[in-house]
Amino acid sequence: MKRIQFSQQNQVSRTLGRMLLPLLLGIFFLPASAFSKETVRCKYLQSQGQNIRLEVSVQFPPPGSLIVIQQVPVGINIEHATPPIKKFNKQNGEAKWLFKGIKPGTFVIEMALDKPIGAGTIKGEVRYMDPVSGAMIKMPITP
Amino acid sequence: MPDNSIYSGGIAMVKIDGGKVRQLREKKELTQLYVATVVGVTTDTISRWENRRYPTIKKENAVKLAEALEVTLPEILEQEEEVSEASETEGYEQEEEKEEIVGYGFQDFLKRNYLILSALIIIAGAAIVIGWWYMNRQEASVTARRLLPQHAAPGKPFPVVIEVETKAENPFSIIIKENMPHGCTMLQSIPPSTTADSTTSTIKWISKIQKNKTLFAYTAKTDPQLGAGMMLKFSGTVTLRRGKGVMADIGGKSQLEITDFHWADTNEDGRIDDSEILAAYDLVGSIKGLDFGQDKIEEIWASSGYRWNEAKHEYTVLP
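If you read the sequences in order, they're chains U and W.
If you're matching positions, the first sequence starts at 1 in the working numbering and goes up one per residue.
If you're matching positions, the second sequence starts at 144 in the working numbering and goes up one per residue.
The hints are simulated quantities; they were obtained by calculation from the structure and are not laboratory data.
Bear in mind that the values here come from a model prediction, so they are computed numbers and not experimental data.
We put the beta carbon where it would ideally sit given N, CA and C, even for glycine.
Hints should not be assumed to be uniformly reliable.
To be verified - For lysine to aspartate or glutamate, the following EDC-like pairs were computed, each having C-alpha atoms within a straight-line distance of at most 16 Å:
no.: 1; chain 1: U; residue 1: Lys96; chain 2: W; residue 2: Glu411
no.: 2; chain 1: W; residue 1: Lys439; chain 2: W; residue 2: Asp417
no.: 3; chain 1: U; residue 1: Lys100; chain 2: W; residue 2: Asp438
no.: 4; chain 1: U; residue 1: Lys138; chain 2: W; residue 2: Glu442
no.: 5; chain 1: U; residue 1: Lys96; chain 2: W; residue 2: Glu419
To be verified - Computed beta-carbon distance windows for the label pairs:
no.: 6; chain 1: W; residue 1: Lys455; chain 2: U; residue 2: Thr142; range: 41 to 49 Å
no.: 7; chain 1: W; residue 1: Gly432; chain 2: U; residue 2: Val74; range: 39 to 47 Å
no.: 8; chain 1: U; residue 1: Arg41; chain 2: W; residue 2: Leu290; range: 23 to 31 Å
no.: 9; chain 1: U; residue 1: Met136; chain 2: W; residue 2: Ile273; range: 32 to 40 Å
no.: 10; chain 1: U; residue 1: Gln59; chain 2: W; residue 2: Lys354; range: 54 to 62 Å
no.: 11; chain 1: W; residue 1: His456; chain 2: U; residue 2: Lys90; range: 27 to 35 Å
no.: 12; chain 1: W; residue 1: Ser418; chain 2: U; residue 2: His80; range: 34 to 42 Å
no.: 13; chain 1: U; residue 1: Val74; chain 2: W; residue 2: Lys356; range: 39 to 47 Å
no.: 14; chain 1: W; residue 1: Lys351; chain 2: U; residue 2: Ile117; range: 37 to 45 Å
no.: 15; chain 1: U; residue 1: Arg41; chain 2: W; residue 2: Glu400; range: 33 to 41 Å
no.: 16; chain 1: U; residue 1: Gln46; chain 2: W; residue 2: Thr382; range: 53 to 61 Å
no.: 17; chain 1: U; residue 1: Thr82; chain 2: W; residue 2: Gly432; range: 25 to 33 Å
Given the sequences, and given the hints that come with them, work out the whole structure.
What follows is the structure in structure tokens.
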């Protein structure tokens, strides 16, 4: 009877050991990327009409610099933008902003168009170097 | 020998009537010593049997006891002949069993939990190593590496960044000595260099650093007369001014090629695209006060491209 009891208890401890060991190894070897999250998030506060507003939220750690691209339908002119546009391609309606020395927080890009646009006609993209991995990130922005 | 149906693999046990045993012994005027000698146990054991403190004994001993008392085995037994192999009631053997339980329990604990104990030992060992490393990390090495563009146009400025990293908690002094190639001139350094010798193209910083990364950056320009294709070599050392005064070479990039392309135009296609401008700012954008030609870079990025004007030694930005 003693021998039978020993065998059962040994089985339990082996099972516990098998459960503990991967957990311990996981704690030691879990890669840092498992904890990564998006550094930059964008959403349209207003994506139709004549006044377009795009909110950009930057988390910690911020990228060194950031490019925001918004593409309006061809033939639509951007009369005014805050902050000012750095680059505008009239042929494809692509407007670019370059942000440097970014700190964590939120800011809004506003555009005043010469004509109203319908819902879903504007699209955007944000580009930056991921501060953790150094990889180039290209993230689409949809209304 | 009496038939013992559980003899194989086990110890056959029988239940004796201690009172009967005493009665029979006294009737035959036999001493406990005599009976003990015949059976091969102690007089204490005979006494315990007779006092029924351990009613079950080995069948082998019961047989010898019956022989000593000159009776048959059934005459000294109680109702059940055989009980189980589990309970041994001879005093000496029971004492042995008691010791076995105590000793077995501790060994059993070790055997049952060896995996968990091993894991705990590994954790404790790792904690000791990490603690020792933490206490001693002020003696850990300082690493320094140079970040340098692949190429630059002759006579045009380019940035160089030296990253120095240490895990030491307390600040300590280092000397960084950067050797530029002959013909290179330093334009600006952040932090300001301690000495800058134009005759030897050497820049020195003496500074205090502590935990994490410290950046030492400068901009330089090459001799405008250098031809495309020439490779310029950079070198440098970092010396600790504490402890043993250890000196180490600055690692990272050490060569720069003279070309007709802007240093930020990494793929040499005559444009600075989004990834190239982001990479340029990633390299030097965080160094406040360093003029690395950001206006020209942004102008080229916002345009359709640029061309190198060999005669004027300038970039011509295309519309």
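Quick rundown of the hints versus the structure:
1. U:Lys96 - W:Glu411: violated, 22 Å
2. W:Lys439 - W:Asp417: At roughly 15 Å apart (the allowed maximum being 16 Å), aspartate 417 of chain W and lysine 439 of chain W satisfy the hint.
3. U:Lys100 - W:Asp438: Given pair lysine 100 of chain U, aspartate 438 of chain W holds - Cα atoms ~12 Å apart, limit 16 Å.
4. U:Lys138 - W:Glu442: With a Cα-Cα distance of about 22 Å, the restraint between lysine 138 of chain U and glutamate 442 of chain W is violated, given a limit of 16 Å.
5. U:Lys96 - W:Glu419: holds, 15 Å
6. W:Lys455 - U:Thr142: 41 to 49 Å: With Cβ atoms ~46 Å apart, the hint holds.
7. W:Gly432 - U:Val74: 39 to 47 Å: With a Cβ separation near 42 Å, glycine 432 of chain W and valine 74 of chain U satisfy 39 to 47 Å, so the hint holds.
8. U:Arg41 - W:Leu290: 23 to 31 Å: holds, 29 Å
9. U:Met136 - W:Ile273: 32 to 40 Å: holds, 35 Å
10. U:Gln59 - W:Lys354: 54 to 62 Å: Violated, since glutamine 59 of chain U and lysine 354 of chain W (Cβ atoms, about 24 Å apart) do not stay within the stated range.
11. W:His456 - U:Lys90: 27 to 35 Å: holds, 33 Å
12. W:Ser418 - U:His80: 34 to 42 Å: Cβ of serine 418 of chain W to Cβ of histidine 80 of chain U: about 29 Å, so the range 34 to 42 Å is violated.
13. U:Val74 - W:Lys356: 39 to 47 Å: holds, 46 Å
14. W:Lys351 - U:Ile117: 37 to 45 Å: Since lysine 351 of chain W and isoleucine 117 of chain U have Cβ atoms about 56 Å apart, the given range 37 to 45 Å is violated.
15. U:Arg41 - W:Glu400: 33 to 41 Å: About 40 Å separates the Cβ atoms of arginine 41 of chain U and glutamate 400 of chain W, which means 33 to 41 Å holds.
16. U:Gln46 - W:Thr382: 53 to 61 Å: holds, 59 Å
17. U:Thr82 - W:Gly432: 25 to 33 Å: Holds - the Cβ-Cβ distance for threonine 82 of chain U and glycine 432 of chain W, about 27 Å, lies within 25 to 33 Å.
Violated hints for the displayed structure, listed by number in ascending order: 1, 4, 10, 12 and 14.
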